[in-house]
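Each chain, written out:
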Amino acid sequence: MNDIVAITKREFRAYFDSPIAYVFMTVFLVLTGWLFYKGFFISDTASIRMFFSLLPWVFLFFIPAVTMRLWSEEKKLGTMELLMTLPLRDIDVVIGKFTAAFLFLTSTVILTFPLVISVNKLGNPDPGPIIGGYIGAILMGGAYLAIGMFASSLTENQITSFILGVVMCFILFIIGEIFVLMAVPYSIVPLLKFLGLGSHFESIGRGVLDSRDLLYYLSVIVFFLFLNIRSLESRQWK
Amino acid sequence: MIEVKELTKRFGTTVAVRNVSFSVPAGQVLGFLGPNGAGKTTTMRILTGFIPADSGSASVGGFDIYTQSLDVRKKIGYLPENAPLYHDMDLPDFLQFIATVRKIPKNKRQKAIDKMVQTCGLESVLFKKIGELSKGFRQRVGLAQAMIHDPDILVLDEPTSGLDPNQIVEIRELIRQLGKEKTVILSTHILQEVTATCDRILIINDGKLVADGTPDNLAAQAAGDAILWCTLKAPADQLKTEISRMTFVKTIHYWKENGDRVRLGLRCAPGEDINERLFHLAVDKEWILLELHWETASLEDVFARLTT
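Protein chains in written order, with my numbering: chain D, 1 to 238; chain G, 1001 to 1308.
A portion of the hints provided could be inaccurate.
[Stated by the list, open to error] Label pairs and their computed distance ranges (CB to CB):
| # | chain 1 | residue 1 | chain 2 | residue 2 | range |
| --- | --- | --- | --- | --- | --- |
| 1 | G | P1092 | D | S47 | 45 to 55 Å |
| 2 | D | T106 | G | P1092 | 47 to 57 Å |
| 3 | D | Y22 | G | E1123 | 23 to 33 Å |
| 4 | D | T79 | G | V1169 | 45 to 55 Å |
| 5 | D | T79 | G | D1064 | 52 to 62 Å |
[To be verified] Incomplete in silico selection of chain G near chain D, CB under 7 Å:
| # | residue |
| --- | --- |
| 6 | T1048 |
| 7 | F1097 |
| 8 | V1125 |
| 9 | K1128 |
| 10 | G1131 |
| 11 | G1179 |
| 12 | Y1254 |
| 13 | W1255 |
| 14 | K1256 |
Just so you know, the hints here were simulated from the structure itself, not pulled from any lab data. Backbone N, C-alpha and C fix where the C-beta goes; we use that ideal spot for every residue, glycine too.
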């Protein structure tokens, strides 16, 4: 447990020790804010749902940018050798890194609170969907993070890791979308709909916290963290 | 302390380490010597659990390097080649991180860090980012990180690379001090380094162990073909016939005539008093003997002979 905390602390600090954190947070907040307010005044409703419906697409490009360095940088700098010869279990390192990225993402998403304040000033929105939306957004972000981090473990090049992360997230996101579902045989529609990242987010965004959706996101996270551990172990395969 | 049995490691078609076996008792400073690409780093990476061997086994401090990797890693302090470090971190934060994952109790951490800062001479760069440090200082930070938990075994991959001559002397002195109570494996391709610091040398070439012994021992092995250098004021042709009569001279290694002087190097079988014979020869013929000395084989000769 102490190991996980130590890794998390180091990784979380690492975001702020380099310009990544500041650049990321600024661009994310400006972009989501602008996209939100652009439609907000036209639609004339005091609702924040627009913001949540944007997030899956914004996350698609932002989250692989958060995770791309997690392993690729270690491999490139050679610190992988330092880290992997310390008396740490692979699983602790993976969980520690994931937790750091998750905390970073959570703090960024929480910084969008001015949107909530402005919506509250202008109208009287139902708090349920807002809270549900935030929980859903953070969980979906967690799933993207786990995928992006796994992508990072596959290559020592950060750009490759970013693109791989975007592609993998995109595939998992799009298989549940309506235009894909219309094109595939009817028998596999329910399966794809269940596997798609986005379809689970819609219900959470409406303020419905269904245990199946929570379970889905947690499974995606656990599954990709497991793959990540396997990918680390692969250096030990003979 | 360290037992290595028949380790073999391939990368694709190249064999980095082939069938290497050796054992290191506690308290020994072992120097791993070899040209670039000989397999030194690969062997160290296998021992520290970073990469697996294709076949063979090894144990460190009684723990198997595969099945008890964590225990092995706890016992070892490792300085990887080129001292890879987190460049974005401040030095104290980095040492704090290492001290934490090395399970140094909280109340002793600061003391351990202070000790390392002092031992490795890091006071002047204490508040800098690691990325801003010069190569030599990074190397020292790498050493500090390897020694912070006072390990029984130190594995140092080229510990003095990138250091200036003064620092090299300091680090060698440090290693010698550590070697009194700890087991140290260090790799290098600098020969003076092993003579200066090591109790024992392993020479590895092309993945194979080619020599194993103390520095003196290895030098003595190479002394088989010693060279006797002498300079005489003598007529060259007469000298040549006299020399060719001496049966223990194997070959004339060097011959140069300069006016009435001849400088020559004779490759001889060991144990013969050829210098005495040459002296008597010069006296008999009334030649003037200007120089007469043995070139004793050094580690350089052993190294050159075994690795080329």
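Original post:
Is the hint on G/T1048 kept, meaning its closest Cβ partner in chain D is under 7 Å away?
Top reply: 4 Å, holds
**OP:** Using the beta carbons of D/Y22 and G/E1123, state whether their distance is inside 23 to 33 Å or not.
**Re:** 31 Å, holds
**OP:** Mind checking the hinted window 45 to 55 Å against the Cβ distance between D/T79 and G/V1169?
**Re:** 29 Å, violated
Subject >> Agreement of hint G/Y1254 with chain D interface, Cβ distance less than 7 Å >> reply: Nearest chain D Cβ about 47 Å off; hint violated.
Subject >> Cβ separation of D/T79 and G/D1064, checked against the hinted range 52 to 62 Å >> reply: 26 Å, violated
Original post:
Between G/P1092 and D/S47, is the Cβ distance one that fits in 45 to 55 Å?
Top reply: 49 Å, holds
**OP:** Closer than 7 Å between Cβ atoms is the bar; does G/W1255 clear it against chain D? Give me holds or violated.
**Re:** 52 Å, violated
Subject >> Restraint check, 7 Å cut-off on beta carbons, for G/K1256 near chain D >> reply: Violated, about 50 Å.
Original post:
Are G/G1131 and chain D close enough, Cβ to Cβ, to be under 7 Å, as the hint says?
Top reply: 10 Å, violated
Original post:
Is the hint on G/G1179 kept, meaning its closest Cβ partner in chain D is under 7 Å away?
Top reply: At about 21 Å, which exceeds the 7 Å cut-off, the nearest Cβ of chain D leaves the hint on G/G1179 violated.
**OP:** Verify the interface restraint on G/F1097: the C-beta must sit less than 7 Å from at least one C-beta of chain D.
**Re:** 5 Å, holds
Subject >> chain D contact restraint for G/K1128 - C-beta distance below 7 Å >> reply: At 13 Å from the nearest chain D Cβ, G/K1128 fails the 7 Å test, so the hint is violated.
Checked against the numbered hints listed earlier, the structure breaks hints 2, 4, 5, 8, 9, 10, 11, 12, 13 and 14; every other hint is satisfied.
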